[in-house]
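Number of protein chains: 2
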Amino acid sequence: MTADETITREGLAARDVADPLARFRDRFVLPAGLVYLDGNSLGAMPRAAARRVGEVAGREWAEGLIRSWNDAGWIDLAPRIGEKIGRIIGAAPASTMVADSTSVNLFKLLAAALRLRPGRRIILSEEGNFPTDLYIAQGLAALRGDGHELRSVAAADIPAALDENVAVMMLTHVNYHTGAMHDMAALTAQAHARGALALWDLAHSAGAVPLALAAAGADLAVGCGYKFLNGGPGAPAFLHVAPALQAQIRYPITGWLAHAAPFAFEPGFRPAPGIAAAAVGTPPVLSLASLECGVDIALEAPIDQVRAKSLAQTALFMRLVEERCAGHGLAIVTPRDGQRRGSQVSLRHESAWPIMQALIARGVIGDFRAPDVLRFGITPLYLRHAELWDAVEVLRDILATGAWRDPRYEARRAVT
Amino acid sequence: MTADETITREGLAARDVADPLARFRDRFVLPAGLVYLDGNSLGAMPRAAARRVGEVAGREWAEGLIRSWNDAGWIDLAPRIGEKIGRIIGAAPASTMVADSTSVNLFKLLAAALRLRPGRRIILSEEGNFPTDLYIAQGLAALRGDGHELRSVAAADIPAALDENVAVMMLTHVNYHTGAMHDMAALTAQAHARGALALWDLAHSAGAVPLALAAAGADLAVGCGYKFLNGGPGAPAFLHVAPALQAQIRYPITGWLAHAAPFAFEPGFRPAPGIAAAAVGTPPVLSLASLECGVDIALEAPIDQVRAKSLAQTALFMRLVEERCAGHGLAIVTPRDGQRRGSQVSLRHESAWPIMQALIARGVIGDFRAPDVLRFGITPLYLRHAELWDAVEVLRDILATGAWRDPRYEARRAVT
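As given, the protein sequences belong to chains U and Z, one line each in that order. In our numbering, each residue's number is its place in the first sequence (first place is 1) plus 2. In our numbering, each residue's number is its place in the second sequence (first place is 1) plus 2.
It is possible that part of the hints are untrue.
Here are the in silico distance ranges between beta carbons for each label pair [stated by the list, open to error]: (1) Z:ALA413 <-> U:ASP392: 25 to 31 Å; (2) U:GLU12 <-> Z:ASN72: 52 to 58 Å; (3) U:GLY270 <-> Z:GLY56: 41 to 47 Å; (4) Z:ALA195 <-> U:GLU65: 49 to 55 Å; (5) Z:ASP306 <-> U:GLY75: 39 to 45 Å; (6) Z:GLU302 <-> U:GLY75: 32 to 38 Å; (7) U:GLU324 <-> Z:PRO245: 51 to 57 Å; (8) Z:ALA191 <-> U:PRO95: 51 to 57 Å.
Treat the hints as calculated values from the structure; they're not laboratory data. Backbone N, C-alpha and C fix where the C-beta goes; we use that ideal spot for every residue, glycine too.
Can you build the whole structure from these sequences, using the hints too?
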């Protein structure tokens with residue numbers, strides 16, 4: 003649609019009919035009466051996941067018991083799903099593995115990065131990066147001692163901060179708070195030009211935006227299974243190590259599944275060749291099986307179509323907010339430039355918390371991010387354009403009527 | 003039964019009828035025609051687990067979506083299950099947490115232990131400890147540098163090896179290979195007398211033998227959810243930190259769920275008070291929910307009854323093997339002294355691999371541990387005495403007929 007075309011719900015419904023991704027919506031369970039705009043926090047459930055988890059429990063575990071590690075291929079799940087995610091993120095073959103949580107994988111790769119750049123003391127990151135990235139770096143720097151430290155600078159200052167003391171530049175590709183997206187190739191090249199490694203957190207990117215880790219020359223990456231990959235609550239995470247680094251890298255956590263011959267039960271650790279050495283312990287099979295269902299859908303969906311629809315939907319949402327919610331103190335935080343934006347829209351409002359609670363109470367599920375942001379994730383695989391119209395109508399009504407000024411929306415909950 | 007009483011299958015079946023734990027068998031799914039003696043590797047599936055996992059996927063995830071972190075209490079699962087496991091292992095309240103894998107938890111606690119004993123350089127362990135314990139210690143020592151090292155000695159030499167350079171004594175309570183059990187209280191006291199911390203791996207103990215971590219003065223512990231706790235394949239693991247250490251301990255992996263206010267998204271890490279700081283990242287909810295079902299059964303079963311039946315069944319199995327399989331080259335590895343034995347029987351045989359494959363082909367599921375051990379786990383919650391008779395009959399027949407000398411039993415598989 004052009005900027006001067008009038009938007010109507012009917013027009014949007016017609017776009018949904020013509021949507022080349024429309025067929026994917028039915029691959030997910032979406033409760034009636036909800037507009038789900040939190041797939042960037044927890045993706046919706048693929049129908050296949052419920053079936054698959056039932057089969058893993060009721061047949062593979064219950065009937066197959068220990069034999070299922072071989073007979074049902076449990077032992078292959080983590081590397082196989084890793085390989086599939088590798089294709090989603092544009093990584094070289096045999097460079098991506100599923101293991102642990104994003105936080106643990108960050109620790110593994112950051113610790114390895116410091117060892118690959120001995121003498122350099124700085125982990126360079128961005129102010130406002132997702133806290134676990136900063137915390138993990140702080141914890142590692144404290145563990146290492148020897149003057150290692152995390153240095154966080156504003157996004158614009160990253161290139162200038164890349165000096166000969168930076169061991170690794172650790173950035174989140176799409177910012178969880180603002181939805182702003184970095185230029186991975188450009189920043190990676192700048193890091194390399196100063197001798198630093200580039201570690202990318204793809205938590206808000208994998209499955210949402212086109213990624214080309216190999217082409218960008220990214221050294222290391224981690225990412226999350228339960229956001230745009232729709233892997234299920236707390237799904238295992240992934241990590242990537244560029245092939246050129248695999249022969250030299252030394253992981254800090256050397257668990258038995260990373261051994262060259264785990265079932266030889268040798269007393270001394272010998273790393274498995276390649277990316278297999280990035281594993282640690284026995285992975286949670288039920289959660290892995292669920293993750294694979296989400297990953298399989300992401301592999302099937304043409305990422306260019308996903309991206310085109312994501313850009314159209316984020317632009318639509320911003321325009322509707324501007325047109326229909328003007329004068330209520332909302333500010334759009336997410337970049338207007340599509341090339342600089344991931345797949346979410348963040349709105350700032352001084353009463354963001356109760357407004358989001360009021361939205362949720364009316365079936366529009368986004369989330370709140372401290373201190374003052376309303377966050378709306380756009381998942382093109384299952385989100386309709388007309389739903390964005392409906393969501394903004396609810397937002398408009400809540401703002402116009404002041405319905406959010408209700409004491410019950412003030413109470414904070416554990417997880418937001 | 004006394005040593006001179008003749009054992010008959012009928013007599014054993016009568017014992018099964020009188021077994022006070024008999025009612026627990028029906029809480030698990032056990033395939034017809036199998037004798038399952040590998041619950042020390044992967045416990046059988048509680049019937050409740052299949053239901054619960056279906057509910058978490060089909061209702062809490064699919065319908066509740068992100069709201070289930072609060073509304074379905076996902077955020078409380080790991081600490082709640084940890085608290086339950088704490089009761090199973092005889093730990094103080096608020097000292098046990100579910101998180102990550104056993105290997106990752108070992109890393110976290112070993113790294114913390116070295117920081118609690120600065121200046122001491124040795125991680126003391128036992129030759130023949132489970133390899134991941136040794137590998138994790140080796141990896142950590144290499145990461146730390148500064149002369150830190152793993153020193154592994156024979157079990158009998160541990161007390162003498164406890165010198166003023168030992169930071170932490172890391173032992174597995176019940177050995178995975180032999181089934182031999184350490185005296186936790188005595189060794190912990192000896193470690194403390196030399197100023198060392200005691201870290202216990204309870205992988206083959208939790209749910210299988212009475213544990214009293216608080217009474218034993220154990221400082222640190224880790225353990226596994228998928229063995230005698232029947233939590234499901236790759237179920238999340240647990241870790242324990244004695245209350246007296248919780249104010250000083252510094253974990254190396256400081257993820258966002260360990261923050262005092264994870265949803266404040268502060269830029270600097272501040273650890274949560276108490277055991278909550280032992281968390282790292284978002285836990286795998288499907289696998290956690292399954293784990294809780296196994297843990298709940300373990301909490302219900304009186305551990306003294308479990309232990310009495312375990313000792314009777316391990317003794318029975320050894321006696322039947324001696325009486326009925328004599329002359330075929332089997333040697334019993336597991337201690338005869340009940341006080342020194344966990345809940346498994348290990349038999350040595352130079353052809354252990356093909357013999358175990360022949361057993362499995364005939365429905366007797368144990369496992370092989372390199373280089374030459376047949377391992378049989380005893381899970382009193384679902385194992386009948388008469389099944390042990392049947393298992394030994396199959397073993398006797400395989401040995402007497404030489405049925406294991408079949409080429410198809412020679413081929414090794416990925417996981418054994």
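Now for the hints, and whether the structure bears them out:
no. : hint                              : verdict
1   : Z:ALA413 <-> U:ASP392: 25 to 31 Å : violated, 60 Å
2   : U:GLU12 <-> Z:ASN72: 52 to 58 Å   : violated, 37 Å
3   : U:GLY270 <-> Z:GLY56: 41 to 47 Å  : holds, 43 Å
4   : Z:ALA195 <-> U:GLU65: 49 to 55 Å  : holds, 50 Å
5   : Z:ASP306 <-> U:GLY75: 39 to 45 Å  : holds, 40 Å
6   : Z:GLU302 <-> U:GLY75: 32 to 38 Å  : holds, 34 Å
7   : U:GLU324 <-> Z:PRO245: 51 to 57 Å : holds, 55 Å
8   : Z:ALA191 <-> U:PRO95: 51 to 57 Å  : holds, 54 Å
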